[in-house]
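Q: Heads up: the sequence lines are chains S and Y, in that order. According to the working numbering, the stretch in the first sequence is residues 1 to 457, in order. According to the working numbering, the stretch in the second sequence is residues 1 to 278, in order.
The reader is advised that the hints may include incorrect statements.
As the list claims (entries may be wrong) - Cβ-to-Cβ under 7 Å is the rule here; a few derived chain S residues that face chain Y:
| # | residue |
| --- | --- |
| 1 | Gly-59 |
| 2 | Gly-63 |
| 3 | Gly-88 |
| 4 | Gly-102 |
| 5 | Ser-105 |
| 6 | Ala-272 |
| 7 | Ser-280 |
| 8 | Ser-289 |
| 9 | Ala-291 |
| 10 | Gly-299 |
| 11 | Lys-370 |
| 12 | Val-378 |
| 13 | Gln-389 |
| 14 | Thr-445 |
Claimed, not checked - The calculated lysine-lysine pairs, modelled on DSSO-like cross-linking and capped at a C-alpha distance of 27 Å, are:
| # | chain 1 | residue 1 | chain 2 | residue 2 |
| --- | --- | --- | --- | --- |
| 15 | Y | Lys-235 | S | Lys-303 |
| 16 | S | Lys-294 | Y | Lys-235 |
| 17 | S | Lys-51 | S | Lys-348 |
| 18 | S | Lys-383 | S | Lys-173 |
| 19 | S | Lys-294 | S | Lys-438 |
| 20 | S | Lys-417 | Y | Lys-168 |
| 21 | S | Lys-64 | S | Lys-173 |
| 22 | S | Lys-384 | S | Lys-64 |
| 23 | S | Lys-64 | S | Lys-348 |
| 24 | S | Lys-384 | Y | Lys-207 |
| 25 | S | Lys-417 | S | Lys-447 |
| 26 | S | Lys-303 | S | Lys-173 |
| 27 | S | Lys-68 | Y | Lys-207 |
| 28 | S | Lys-294 | S | Lys-64 |
| 29 | S | Lys-417 | S | Lys-68 |
| 30 | S | Lys-383 | S | Lys-354 |
| 31 | Y | Lys-235 | S | Lys-64 |
| 32 | S | Lys-64 | S | Lys-417 |
Quick caveat, the hints were computed from the structure, so don't treat them as lab data. As the structure is a prediction and not an experimental result, all values here were calculated from the model. Just so you know, even glycine gets a beta-carbon here, dropped at the ideal spot from N, CA and C.
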Amino acid sequence: MWKKDGRFRGLQITASGLALTIGLAACGGGETESATLADSATASSKGDAVKVVWWHSMGGNNGKVVDKLAADFNQSQADIVVEPIFQGTYGESLTKLFASLGSDSGPAIMQMNFTSSGPMIDTGAVTPVQQFIDAEQYDIGQLDPNIVGNYIYRDTLYSMPYNASNLLLYYNKDMFRDAGLDPETPPRTFEELMAAAQQLTKDGVYGTAFGSSDAWFIEQFISNQGAELVNNGNGREDQATESLLDSEAAVRTFALWRDLVKHGYGLNLNSADSHKAFLSEQAAMTLASTAGLKNLLDGSEGKFELGTAFLPKPADAKEGGVYVSGASLYIMNDRPETEQQASWEFIKYLMEPKQQAYFHINTGYFPVPKASYEEPDVIDNLKKYPQFQTAIDQLNASVSNHASRGAIIGIYPEARKITVQALEEMLNGQLEPEEATKQAADEITVKLQEYIDSLQR
Amino acid sequence: MNAVLRSFRPANIAHYVLLTALAAAVVYPVYFAVSYGLMTSQAVESYPPPFLPSPVYFGNMFEVLNLVPLVRFIGNSLIVSSLIMIGELITGALAAYAFAFLRFKGRDLLFAVFLATLMVPGEVTVIPNFLTVRSWGWMDTYWGLSVPHMSTAFGIFLLRQFFLQLPKDLGEAARMDGCGHLRFFFSMVLPLSRPALGTLAVYSFMKAWNMYLWPLLMTNQESMRTVQIGIAMLKKEEYMSWNLILAGVTLVVLPSLLLLVVGLKQLVRGITGGAVKQ
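Bound-form chain S, shown alone (with noise of 0.2 Å):
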């Protein structure tokens, strides 16, 4: 067919020049370079080690730390290979990790967030890593309970947490000044903060610029007094068939979110732009995970003091705390046993007090091992960094119950989506803060049962 004559090379003038020629010349050896420039990047040098496969989502320098943590383990010892691989967002992730289950080109370790914990848990494709605590009588006690506990269902631990993370306020110290307040007092209860708010607001400036696009903000303020998000445990006991959004802790929590913006103490803006707005002093408190703290101090250098309290919650509350979110480490039951063995050593290696001191200093999560708190290294990262003290204080006081672990359900982005957008109407006006709860609790009890039956198809 491809009779090349002379005319042919017609095309290539069309064809708009240089990318083409590099193209053609790469055309011939690109399959065969790439393959051996893969292995020799991998196992050749170390024999017959073992290689485990590390699937994870960290961006940024993050992902910088996930190579030097796999780097450095692979130096430690000669029988293990761990090559870290960056697979876009968790969503993405887990997309192709369900579409390459059963596969050889699956990882051994999966990093996966908190909210995929459903998924991840019914598909039936994780070896729990309880069966490895077990086997060997590793002392689980030496990790912080408060972030391990997110991770146990039905009183098995499936995965080991890696990237933990929880909920902030942030303020600005200058601000609460400028306006009679003291900075060293931030508010505690809603109605403290309702009244702060109303204070630091004057001259075009808000008093709080609260992600409202961001479900994850609602559900902490509502585990925080102490309440579940759906029935049977908060998904913890077995599967929820039910979502309890519409629980008076959940009807306040939309109440102070509408109060706010109602009387125009608040801007209502999604995550990003509300951490743009106050790091342009636009209004004196925000949200934002313990893990923008770096950022978000970064981002005020030079401008204003920046402090950290803990998550207001009304006066009358009961006794809950904010849950750890972030992500965990997973071992496929589809690889052979002696990756999975290996992959478990990894994870061993990985919550050792010294990596997690380096690990914290480095990303801002917690470290899991209660030992790193005395890591000298992170005691002087304390002292520089006092407002990341708090965090760790409000992980402390956290109540150790069901509501105060976080729910486990298997639909997480539909149900917030449905949040947010009840959220969203109630802002506008269109619905009060029970019809707003009311209806969202209703359809994410919908899409609960349409998960259930899924799973028996």
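With the hints as your guide, set chain Y onto chain S.
A: Same frame as chain S, now just chain Y:
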């Protein structure tokens, strides 16, 4: 004199105002990316945001190159995009020739089926494609990255419409002189369709350059990844450093901007070429 006066007529002024506004709308994102990419994080977060970076801060660029092997990714993207571009030109031109010049049974129905595939969103086909290509063992290869995109209904449609506009007499004259299909295709149709081929080339190159999900699925080695994954690697889960991300975007946009500059003449001719036919 007359011409100068005419250019000041109200209608013309209105044209220019409109064109300037549209040009500004097109240039704004580019300006935004470049200027934010050259700012410190404090400058990016201030209000109102500064119009131009002062001082110009190149630290972001270095940090991006330190965080992500962007040069390697740009090389990969160039190879993959070029392969796709060439593949799409070849398959598009051949198929379009058949639909425009050959007469065979069911031709129009077949063409309609091709067009109908335009209605299928790419997200639907991505997982089946992934499973197919993986079963061929093409993970982490340039072939796996490019082959599934080497033929598109849009390319065939674009070229067929252009081929149909070529004068009928030309084909008849050629046939009278004993010119076969292959010869007619290479020596008449292709040279005369340079504008359309150029348009398709630039379009498919850009589309391939901007692919994200497919390369993410197809590659498991950093050495085989493409530029858009590099940008995603700059994002953090909890917080966005816009100055870093936009510095990365600036570096990544440069090669495709270059291609646009080189291919612009073809592109403009391609667009206007179809518009003023006889």
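Q: All the hints need checking, so say for each whether the structure fits it.
A: Here is how each hint holds up against the structure:
1. A cut of 7 Å between beta carbons decides the hint on Gly-59 (chain S): the least distance to chain Y is about 5 Å, and the hint holds.
2. Look at Gly-63 (chain S): its Cβ gets to within about 6 Å of chain Y, closer than 7 Å, so that hint holds up.
3. The restraint placing Gly-88 (chain S) at the interface with chain Y holds, with a minimum CB-CB distance near 5 Å, inside the 7 Å limit.
4. Among the interface hints, the one on Gly-102 (chain S) is violated; its C-beta lies about 11 Å from the nearest C-beta in chain Y, farther than the 7 Å criterion.
5. Satisfaction of the interface hint for Ser-105 (chain S) is found here, the shortest Cβ-Cβ separation to chain Y being roughly 6 Å, below the 7 Å cut-off.
6. Checking Ala-272 (chain S) against chain Y by beta carbon gives a least distance of about 6 Å; that is within 7 Å, so the hint holds.
7. Below 7 Å, beta-carbon pairs count as interface contacts, and Ser-280 (chain S) has one with chain Y at about 3 Å; its hint therefore holds.
8. The interface hint given for Ser-289 (chain S) is met, as the beta carbon of that residue sits about 4 Å from the closest beta carbon of chain Y, less than 7 Å.
9. For Ala-291 (chain S), the interface hint holds, the least distance from its beta-carbon to any beta-carbon of chain Y being 4 Å, beneath 7 Å.
10. Here the hint on Gly-299 (chain S) is kept, as its CB sits about 4 Å from the closest CB of chain Y, short of 7 Å.
11. The restraint placing Lys-370 (chain S) at the interface with chain Y is violated, with a minimum CB-CB distance near 23 Å, outside the 7 Å limit.
12. About 20 Å separates the beta-carbon of Val-378 (chain S) from the nearest beta-carbon of chain Y, more than 7 Å, and the hint is not met.
13. Using the Cβ-Cβ criterion of 7 Å, the hint placing Gln-389 (chain S) at the interface with chain Y is not satisfied: the shortest such distance is roughly 19 Å.
14. Against a cut-off of 7 Å between C-beta atoms, the interface hint on Thr-445 (chain S) is violated, since the closest Cβ of chain Y lies about 28 Å away.
15. Between Lys-235 (chain Y) and Lys-303 (chain S), the direct Cα distance comes to roughly 25 Å. Compliance with the 27 Å bound is thereby established for this hinted pair.
16. A threshold of 27 Å between alpha carbons decides the hint, and for Lys-294 (chain S) with Lys-235 (chain Y) the separation of about 15 Å falls inside it, so the pair holds.
17. Note on Lys-51 (chain S) and Lys-348 (chain S): the hinted pairing holds, with a Cα-Cα distance of about 16 Å set against a maximum of 27 Å.
18. The suggested pairing of Lys-383 (chain S) with Lys-173 (chain S) holds, with an alpha-carbon distance near 18 Å, which does not exceed 27 Å.
19. A distance of roughly 38 Å separates the Cα atoms of Lys-294 (chain S) and Lys-438 (chain S); the hinted pair therefore is violated under the 27 Å criterion.
20. Restraint check for Lys-417 (chain S) and Lys-168 (chain Y): the C-alpha separation of about 57 Å exceeds 27 Å, so the hint is violated.
21. For the proposed pair Lys-64 (chain S) and Lys-173 (chain S), the alpha carbon gap of about 33 Å is over 27 Å, so the pair is violated.
22. Of the supplied pair hints, the one linking Lys-384 (chain S) and Lys-64 (chain S) holds, its CA atoms being roughly 22 Å apart against a limit of 27 Å.
23. Among the hinted pairs, Lys-64 (chain S) with Lys-348 (chain S) is consistent with the structure: their alpha-carbon atoms are about 20 Å apart, no more than 27 Å.
24. Proximity of Lys-384 (chain S) to Lys-207 (chain Y) is assessed by CA-CA distance (about 47 Å); at most 27 Å being required, the pair is judged violated.
25. A hinted pair counts as satisfied when its Cα atoms are at most 27 Å apart, and Lys-417 (chain S) with Lys-447 (chain S) qualifies at roughly 12 Å.
26. Between Lys-303 (chain S) and Lys-173 (chain S) the alpha-carbon distance is near 11 Å, which keeps this suggested pair within the 27 Å criterion.
27. Taking the CA atoms of Lys-68 (chain S) and Lys-207 (chain Y), the gap is near 34 Å; set against the 27 Å cutoff, the hint is violated.
28. The straight-line distance between the Cα atoms of Lys-294 (chain S) and Lys-64 (chain S) is roughly 16 Å, inside the 27 Å bound, and the hint therefore holds.
29. A hinted pair counts as satisfied when its Cα atoms are at most 27 Å apart, and Lys-417 (chain S) with Lys-68 (chain S) does not qualify at roughly 36 Å.
30. Restraint check: the Cα-Cα separation between Lys-383 (chain S) and Lys-354 (chain S) comes to about 18 Å, which is no more than 27 Å; the hinted pair holds.
31. Proximity of Lys-235 (chain Y) to Lys-64 (chain S) is assessed by CA-CA distance (about 12 Å); at most 27 Å being required, the pair is judged to hold.
32. A hinted pair counts as satisfied when its Cα atoms are at most 27 Å apart, and Lys-64 (chain S) with Lys-417 (chain S) does not qualify at roughly 32 Å.
Hint violations for this structure: numbers 4, 11, 12, 13, 14, 19, 20, 21, 24, 27, 29, 32, all remaining hints satisfied.
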